[in-house]
Every structure is written in C-alpha cells, then in structure tokens.
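Chemist: Once you've looked at the hints, dock chain E against the given chain F.
In order, the protein sequences belong to chains F and E. For the working numbering, add 58 to where a residue sits in the first sequence, where the first one is 1. For the working numbering, add 58 to where a residue sits in the second sequence, where the first one is 1.
Accuracy of the hints is not assured; some may be wrong.
Any copy, or any two copies together, can satisfy a pair, since identical chains are not distinguished.
The calculated DSS-like cross-link candidates involving lysine-lysine, where the alpha carbons are at most 25 Å apart (straight line), are [claimed, not checked]:
id: 1; residue 1: Lys136; residue 2: Lys89
id: 2; residue 1: Lys135; residue 2: Lys64
id: 3; residue 1: Lys85; residue 2: Lys484
id: 4; residue 1: Lys353; residue 2: Lys447
id: 5; residue 1: Lys144; residue 2: Lys120
id: 6; residue 1: Lys149; residue 2: Lys484
id: 7; residue 1: Lys107; residue 2: Lys551
id: 8; residue 1: Lys545; residue 2: Lys60
id: 9; residue 1: Lys551; residue 2: Lys97
id: 10; residue 1: Lys85; residue 2: Lys478
id: 11; residue 1: Lys135; residue 2: Lys120
id: 12; residue 1: Lys551; residue 2: Lys60
id: 13; residue 1: Lys165; residue 2: Lys353
id: 14; residue 1: Lys120; residue 2: Lys64
id: 15; residue 1: Lys353; residue 2: Lys528
id: 16; residue 1: Lys89; residue 2: Lys545
id: 17; residue 1: Lys454; residue 2: Lys165
FYI, nobody ran anything at the bench for these hints, they're computed from the structure. Computed from a predicted structure; not experimentally measured.
Chain by chain, the residues run as shown.
2 protein chains.
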Amino acid sequence: MKLKIKEIQFETYNQQNVVLNHLDAAKLNKKAGERIIIKNIHSEKLDEKHWIGIIEISHSDKIIAPGELGVFADTLKKMGNLETQKEVRVKPAEPPDSYRFIQKKVKGEKLKEEEINDIINDSVSGLLSRIELSSFITGVSIHGMSNREMISLTLAEKRSGEELNFGPNVFDKHSTGGVPGNKVSLIIVPIVAAAGLIIPKTSTRAITSPSGTADSMEVLAPVSFPSEKVKEIVGKINSCIIWGGALNFAPADNILIEVERPLHLDPWGLMIPSILAKKLSMGVKKIVLDLPVGKGTKFPTVDDGKKFALVFKQIAKRVGIEAECALTLAHQPIGHKIGPALEAKEALTLLRDYSAGPNSLIEKSTSLAGILLEMGGKAQKGEGHNLAKKILKSGKAYEKMKEIIEIQGGNPDILPKEIKLGPYSKEIHSLKSGFITDVDNGIINKIAKTLGCPFSKTSGLDINKKQGGKIEKGERLFTMYSDSEEKLERAEKIYNQTGGPIILGGMVIERL
Amino acid sequence: MKLKIKEIQFETYNQQNVVLNHLDAAKLNKKAGERIIIKNIHSEKLDEKHWIGIIEISHSDKIIAPGELGVFADTLKKMGNLETQKEVRVKPAEPPDSYRFIQKKVKGEKLKEEEINDIINDSVSGLLSRIELSSFITGVSIHGMSNREMISLTLAEKRSGEELNFGPNVFDKHSTGGVPGNKVSLIIVPIVAAAGLIIPKTSTRAITSPSGTADSMEVLAPVSFPSEKVKEIVGKINSCIIWGGALNFAPADNILIEVERPLHLDPWGLMIPSILAKKLSMGVKKIVLDLPVGKGTKFPTVDDGKKFALVFKQIAKRVGIEAECALTLAHQPIGHKIGPALEAKEALTLLRDYSAGPNSLIEKSTSLAGILLEMGGKAQKGEGHNLAKKILKSGKAYEKMKEIIEIQGGNPDILPKEIKLGPYSKEIHSLKSGFITDVDNGIINKIAKTLGCPFSKTSGLDINKKQGGKIEKGERLFTMYSDSEEKLERAEKIYNQTGGPIILGGMVIERL
Chain F
59 MKLKIKEIQF ETYNQQNVVL NHLDAAKLNK KAGERIIIKN IHSEKLDEKH WIGIIEISHS
119 DKIIAPGELG VFADTLKKMG NLETQKEVRV KPAEPPDSYR FIQKKVKGEK LKEEEINDII
179 NDSVSGLLSR IELSSFITGV SIHGMSNREM ISLTLAEKRS GEELNFGPNV FDKHSTGGVP
239 GNKVSLIIVP IVAAAGLIIP KTSTRAITSP SGTADSMEVL APVSFPSEKV KEIVGKINSC
299 IIWGGALNFA PADNILIEVE RPLHLDPWGL MIPSILAKKL SMGVKKIVLD LPVGKGTKFP
359 TVDDGKKFAL VFKQIAKRVG IEAECALTLA HQPIGHKIGP ALEAKEALTL LRDYSAGPNS
419 LIEKSTSLAG ILLEMGGKAQ KGEGHNLAKK ILKSGKAYEK MKEIIEIQGG NPDILPKEIK
479 LGPYSKEIHS LKSGFITDVD NGIINKIAKT LGCPFSKTSG LDINKKQGGK IEKGERLFTM
539 YSDSEEKLER AEKIYNQTGG PIILGGMVIE RL
Chain E
59 MKLKIKEIQF ETYNQQNVVL NHLDAAKLNK KAGERIIIKN IHSEKLDEKH WIGIIEISHS
119 DKIIAPGELG VFADTLKKMG NLETQKEVRV KPAEPPDSYR FIQKKVKGEK LKEEEINDII
179 NDSVSGLLSR IELSSFITGV SIHGMSNREM ISLTLAEKRS GEELNFGPNV FDKHSTGGVP
239 GNKVSLIIVP IVAAAGLIIP KTSTRAITSP SGTADSMEVL APVSFPSEKV KEIVGKINSC
299 IIWGGALNFA PADNILIEVE RPLHLDPWGL MIPSILAKKL SMGVKKIVLD LPVGKGTKFP
359 TVDDGKKFAL VFKQIAKRVG IEAECALTLA HQPIGHKIGP ALEAKEALTL LRDYSAGPNS
419 LIEKSTSLAG ILLEMGGKAQ KGEGHNLAKK ILKSGKAYEK MKEIIEIQGG NPDILPKEIK
479 LGPYSKEIHS LKSGFITDVD NGIINKIAKT LGCPFSKTSG LDINKKQGGK IEKGERLFTM
539 YSDSEEKLER AEKIYNQTGG PIILGGMVIE RL
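Isolated chain F, as found in the complex:
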C-alpha cells in the first residue's frame, strides 16, 4: 500500500508509532498496537532500509485520511532518509522476536542472555510498545528473575548507553529510598573524598520523596553536566555530586522505569539491574547500599531487607562491583529538615560545625561513609565509623564540599543562613503536652509536596523534635515553608485533616 506522509505535531518518544486511517488499517488487516513495515517507495527488496511502525488508528479523516500515514514529529526525524519522502510503501509486519521473549517471561520461562539483549535493544529503538513493556514488567513482577537473568539485564542496560571510567578504585553510595530528609550523601561524599577515595556521585531528583540528593545539591551548585565535564571535575577533585539524569547512562533502564512508575511496580528483578547498570556506567567498582527498612520503604521488614541485600551483593559481584549493604532505620526523617533548601542548609550546617548535629544525620552519614573508608583501605575493619567522624569533625569534609561546590559552579563560601527559604512560612504549635511516640513519614511527605517540594526548592518542613522528645502545650511542632501562600494554606488544611505528622502519647508514658 502506498501512503503519503503527514506530520503530526505531537511526540511519542520511545515508541515508533504511526497513524493509519481506519479504512487503510482494515485493508492491511491490522489493528491498533500491531505493526507495519514502512519502506522507500522505490525499493522493492526486503533487505533495503526500512522502518517499523506501531499502529495507532484514526477514525477521523480530518486527522488522518485514507491514503495518509501520520508520523509523529519526533519519529519523523528519526526516520532518516524516509523523512524527505512524500510517499512511502507500507506492508503488514509481525511483532519482533523480542516480543516472543516477553511472552516467554509471561509464561514463566527463563530468558537467555541473547533474548534479554533483544528486549533491551528493541526497547531503546522503540520497536516494543508500552503495552508490551507493561506485560514484560508485570511478568517479571509475578515470576521474578533468576540471578543469571539479572546479570544479563544489568549488562544489557549498561551497554545501551554511555560509560565512564575512573580507574580500578571508584566508590559510590546508593539508597533505595523511602525516608524523608535523607540528605546523607551531602555528608558522605565529602568525607570519603577528603580521605582520598574517588567518589563520583550521581544522584536522582525526587521520585516520590520531597527532595532527592540532586534537588538538594542544586541549591548549592549546578548539578547537570555533560559527561566530558564530569570527567574533568572528577579528574581534578576526585568527586562530584551531580544529577545522573543529565547523562546518557543506561537509557534502556529509563524506558523501563517510564512504564514501571505509572504501574507502581518495582520488582527486584528490575530494581537490582537498574541500580547496578547505572553504577557500571559511571565506572563504579565498590559501593555501599543504604537499605532503609520499615513502613513506607521498599522493604516492609528487616527480613525483606536482608534477603534483598543478599541477592544484590551476589549480582553486584558477578558484574564486577563489590557491594556492602546497610539496613537502616526509616521510622522517622533523618535530621529535622525536609525539602531541597532546608536539607542543603542542614547538611551545610553540620559540615561547618559538628556540634550542631543533628545526631541522626551524623550517625547515619558516618556509618555509611565508614563502610566505604574500610572498603577503600583507609581504615581497619571496625575503624571506619570513627575515622569518618574524625574527618567530619576536623573540617576536612567541609573543605572538600567547598571544592565540590566551587568546581560545579556554586558559591563555596555560602553560609547556611544565606540559603533562601519560603518566603512564606507558618509555625505549627502543639495543642497539648506529651512525648512524641511517632513521626509519620507519609504525612510529612504529603505536607512537603503540598508546600511545593521538590520543584519549589525553598519549600519544606522543619521539625522541632522527633520520637522520644517531649513537647509542651503551645510549643512549636514544626515550621512550614512555601513559595506560595495558597500552598501554605492547603498544607495547613492537610495538617488539620490528618492531625499532622507528630504523634504525641498521653501522660500514661510518664506514669510508668
């Protein structure tokens, strides 16, 4: 069938969608989601350059008339030599082999290395549609992935993008997330780098939390750099704290995540390759994995966390990464401040003055940094934690952080009080006295996001006291900051509806 190309002013990204009028689709006996081969009008041979399109159907001639082939703006560019053609030849096409492999996984069979490579290659090229990837992710969620499959997937994802190399001793820290206020990377990286280890930290922006490390760091300095610039930075000061999303690392993983996220599915079989592929792309050789466990995290129980850690270490080893895992408490925020600017402020305050605390941030950061120091031979087994505290106390970590801020284009001399908050704020005071028996991370996240986190960097929550603390009637529970009065009002409504994140016990506790 010959069709005239009509550009559609819309983008589809990773899917090679094309639009047929319903009458032409009927002639080809193809329905939405099925495929056609698109070829040069003059080429008759099958081996000549062709393009596979996944069909969308238009019932309106106004949009795509019979005889027209709708091609999306971004796809048209990718079509190369076909782009300049006014007319193309189309024929029905079958699904790619990679879809047969997805069907194998759905049936519960194990996939071979080549089969996983095929799925990954076709995801990147756009040959697999989102509903097909959804079926794959659902199949993996139900049947799981063997160690061998995860290894193949990790390597295939890594190969789908760019790779950096900083030599044989490159360290990193990663967290599986789920705790608000987890600004530990802003402390760990300068400690570890100050000890002389190479730690090129890539981090994410917030996915479900009020602030990711990249969001908080961006308050102090730019975080988006091309890979050439990253090489230069790490070459000079053996560290960085940047946004991984600006680099073309493991794009296949990003495509899977785009489908996993709306499905709210995050099976281990995809999560482990996802973490490791990105670390491999950054040339990481040794890693400490922070595994927050408990309500609201990916691991409801300590046992779940342990199981995951065991599998993670095995897969990591097989792809050339030495991993240590640390199960960490996640029942309340790390430190007191939640939101990009507030977290940057709390981290900077601690880096400048150890005595400023807070304890939970010191303990968690230095524990994890200590593990890396031991892995890097900077401390004997069991001595890393103390060494990390020493480096932090000494001001060397702060000096390193200033280097990082400066080389990334920020102001190294910025003082915590110069970090802008709000400008709108509201203090919430307690209506009764009592001991704090619980801090609800879920409500904290809800209020913080309502206040504008993470997009508004100056928004967030500052909590006065945490679990075990005593609160008097009328005492400040927390302060809310926002870039808009309206958001502040909406957040206060949520506070009133939920009772807020700070749960006070009655007097019973004192009478014991």
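Modeler: Leaving out everything else, chain E in the frame of chain F:
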C-alpha cells in the same frame, strides 16, 4: 496550577490522555502515565464537576508550552462543560481504586464482584490507561480467573453496553475459531430459524482468519444495523445474520480486546466472559459452542478443548445461558472455498442444492444445527442431526435464507454464479501425483490474506481436493482469486516459497 486548554488534532479513544509541558509536569511532580484532576477554573470545591486526565509529556514548547494543557480532539468533546473553557485548574491525582484491584490480580489475589465492576467501569470511561490494562490482562493470563470472577466479569461487561431481549427462548451458535472456510453459520442459522426457533445471529468480521461470518454474509446483504432495526428484523423473521460490531454490546469487552490483540494474549478468564457477555447482550438463552481443536486453533489438544468446554458450560449456566459444546475437527478447511465471496457462494450453493455438498460443510452444519434443534425441543435427543439434514434438503433452509437476505436489504434471488470473484485469478497445478496427506491451514490463511482477504471480498482460494483425495500430475490443486494482479503475484511467491497448502504423499500409500 492554572493551564490554558490547547486542542491537539489527534484522537486517543478510550484513554483520557492530556498533555503537559515537561516543566509543568515537574512542578506537579507527575510523570507520563500518572494522573491529574482538571477542574473548572472557578470551582474550589472538590465535589464539583471534574475530569481525570492521564498525563503525556511534551518536551517541545512548540507542541505544548508551559502553561498549556493539551487535550485530544475526541477527549475535548467528552469533557462537556469544560470544553468551552479557555482555562482550567489542575492538581495532581492518584490512580483510581480500580488500579489497586488490578494490582491485586497481579499479586495473584482473587477479585470481588465490586472490584471487577470498578475495573470495567473505569475501562469504559477511560480512567484506566492501556499500560494498566496490559498489566491486568497479563496478570489474568498468569494467575487465571476463578469461576466467580468470570461470572462477575461477564455480567459487568454486559452491563457496560446495550441489551436486547427477544424472550425466554433465544438460540445462538458461536465458534472459537481457527479453521479456514468455516462458513457453517450461513447454513445453521437458516436451518434453525426454518424450524421455528429464534436465532438472532451476531457475528464478527475476520480477526485472524481470511473471512468472518459477517464478511461472508455481507457479500449477500448488508450486515450493519442499529439495535432498533435488529429488533424489527428478528421480530418479523425470528432470525438475522449481522455484524455484532455495529451494536453497542459490551463495549468494555472491546476495550480489553484492543489491548489483548496486540499482546497476543487471550486467556480463558477473559475469553469466556467476552463470549458470554456479548450473547447476554443479544438476549441469548441457549447456545451451541463450536470448539475447533488441534493445530492453529485455541485448543492444541482434545483435552484442552474438553477442559474449556466444562468451564464454559459452568459459567454460562451461572449467567443464565444453557450451553452445549461440540469439539470439532480443524485439521483442514471446512468445504473447499476460502474468502468472503467464495464462502458465500459455497454456502448458497449448498442451501439451493443439497447434492452439491461439500460433505464437510453439510456434516458440521447439520451436526451443530441438530444440537440446537434438540435444545429447542424440535427434535428428540439423537434426532436433531437428521432433522437438520431434512430441513436443509427440503429447501426450507434456503427459503429462510432468502428471507434473511431480503429483510437485510440484499437480493434474495441471487444465484451462486452471480457472486463476483477476482477479477484476477490463477490456477495452480500439481507437479506430481499422489494422495493428499495434509492440508496446511496456516499456509491457506497466509495465501488468502496475501490475495486481499478479508478486506477484498472477491479474493480467496478454491481448493480442488482435500485430505485423502488423489491428485494426478498436472491436475488443478487450487485456484487463487484477487482484486489485484500484484497481490496475485505475491501470493504465488508464497506458494513457491512454502510449497503450498496441499501436501501430497508418495506412492507408498498405494503400495500398502
């Protein structure tokens, strides 16, 4: 967030997609596939009219700029009072409850009636995205559905559309497909109707085969009617042979099928409710189900077919339909002619002259019609088959068919030879002598579709002899018809590449 509505000249059908610029999506902390609430700019209350949109993201300001909300042409119409607004207010939204129920199914849990109702309602309203439905279908494929779940799904699908009622004794025949040339409905319906039973036959167009009953019937008369007209036709002549797709029956089922088809998944848990919901919509109370078994059908072995029949009968009974199932041979085509016009011609020839055969068409049609005659009390148990043959032989079935053709707007006096074929045709002759040991349905389908079936009604294959027949060197194997010389050439290429559908054994057979 306030956004200006911008219409996108593209359709999305059952999905309520809207497009945000990536910067606005970041502000809302939402990614593609997640949701927003869209409200009247003047309404502040949550209970006021609102609309849920599933997010697509534009990275190009040219397509959707910050501050704009892209709404697809067809969605804009459905948005009712929002349509006329230039500006709307949007807020982040969570997935609907129905998606939680899909997740339950993915986890292997059983769904309650209300939960299935929710999934079906949200599929129809467009609240569930295609990737979410893909996850549901994959989950059902892996975990199956309990009888109770299938009953709930059948009833929910039925309720999603229109329902007709022709009283307490309404008969039907359905086939699960997979055999080329299966034009039996064109014989069964007039036989059963001639005996005085009500049989309002809705049929499908070809999905994977060269011709569906609706495609073949359309050669003789129109098949698309609104439900009012269907009521009138059946009221007058107690039967019809129409295309079910023109009626608004069980639209929820169609939405699921739109995702099942590109996934190549057709689990029993969805297939049984799909068949039964459409039959209930047509007011059917008693049905014979034709279950072709063997290679190329939905049931590879007789055992698979038996298991399916058992479950089907149980579910049917629970939703108020008495079902009998007949496992049928599927190793070669029914009759000799494949393709819409050829099949109509073969059926009409038999209706006019019993002695014209072919035997396979007579046997299968009268066996299935006989079961319905027994179910309807027109014949004693074991006598239905003979009665059906008698009615067919007597010419009463032909008279009934003429009534059906006439009332549906066709020419009741059309002669088989007046049915147009081709106009291009080519005879294929055997290069050797031998007995036919096999007829390959897969190759027949491939050639027939290459010839233009089912869209081109005059295209198809006419097979000279079938399994067991003797072929002399130079004798005609089959004739190909097509509406285009190019297609005829391509079909011949496939014949040459595959060796064709007619497999001849050596002389060994004779020497035994």
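Chemist: Can you give me the call for Lys551 and Lys97, within, between, both or neither, at a CA distance of at most 25 Å?
Modeler: between (59 Å within a copy, 19 Å between copies)
Chemist: Using 25 Å as the alpha carbon limit, work out where Lys144 and Lys120 are close: within a copy, between copies, both or neither.
Modeler: Both ways: Lys144 and Lys120 sit 19 Å apart in one copy and 23 Å across, limit 25 Å.
Chemist: How would you classify Lys545 and Lys60 at a CA-CA limit of 25 Å: within, between, both, or neither?
Modeler: between (55 Å within a copy, 14 Å between copies)
Chemist: With 25 Å as the alpha-carbon cut-off, assign the pair Lys165 and Lys353 to within, between, both or neither.
Modeler: Answer is between: at 19 Å across copies they meet the 25 Å cutoff, but 32 Å inside does not.
Chemist: Go through the copies and call it for Lys353 and Lys447: within, between, both or neither, with a Cα cutoff of 25 Å.
Modeler: Cα proximity of Lys353 and Lys447: none, with 29 Å in one copy and 70 Å across.
Chemist: Using 25 Å as the alpha carbon limit, work out where Lys353 and Lys528 are close: within a copy, between copies, both or neither.
Modeler: Within one copy, since 24 Å is at most 25 Å while 74 Å is not.
Chemist: Can you give me the call for Lys149 and Lys484, within, between, both or neither, at a CA distance of at most 25 Å?
Modeler: For Lys149 and Lys484, the Cα distance is within 25 Å only across copies (23 Å; inside one copy 64 Å).
Chemist: First find the shortest C-alpha distance between Lys135 and Lys64 inside one copy, then the shortest across copies, and answer within, between, both or neither for a cut-off of 25 Å.
Modeler: This pair counts as both: shortest intra-copy Cα distance 13 Å, inter-copy 24 Å.
Chemist: Give the relationship of Lys85 and Lys484 under a CA distance limit of 25 Å: within one copy only, between copies only, both, or neither.
Modeler: between (65 Å within a copy, 22 Å between copies)
Chemist: Check Lys551 against Lys60 for me: Cα-Cα at most 25 Å, and say if that holds within a copy, between copies, both or neither.
Modeler: between (60 Å within a copy, 20 Å between copies)
Chemist: How would you label the pair Lys135, Lys120 (within, between, both, or neither) given a Cα cut-off of 25 Å?
Modeler: both (23 Å within a copy, 15 Å between copies)
Chemist: Between the shortest in-copy and the shortest cross-copy C-alpha distance, which are at most 25 Å for Lys454 and Lys165: within, between, both, or neither?
Modeler: Close neither inside one copy (56 Å) nor across copies (50 Å); limit 25 Å.
In this structure, the earlier hints numbered 4, 17 are contradicted, and the remaining ones agree with it.
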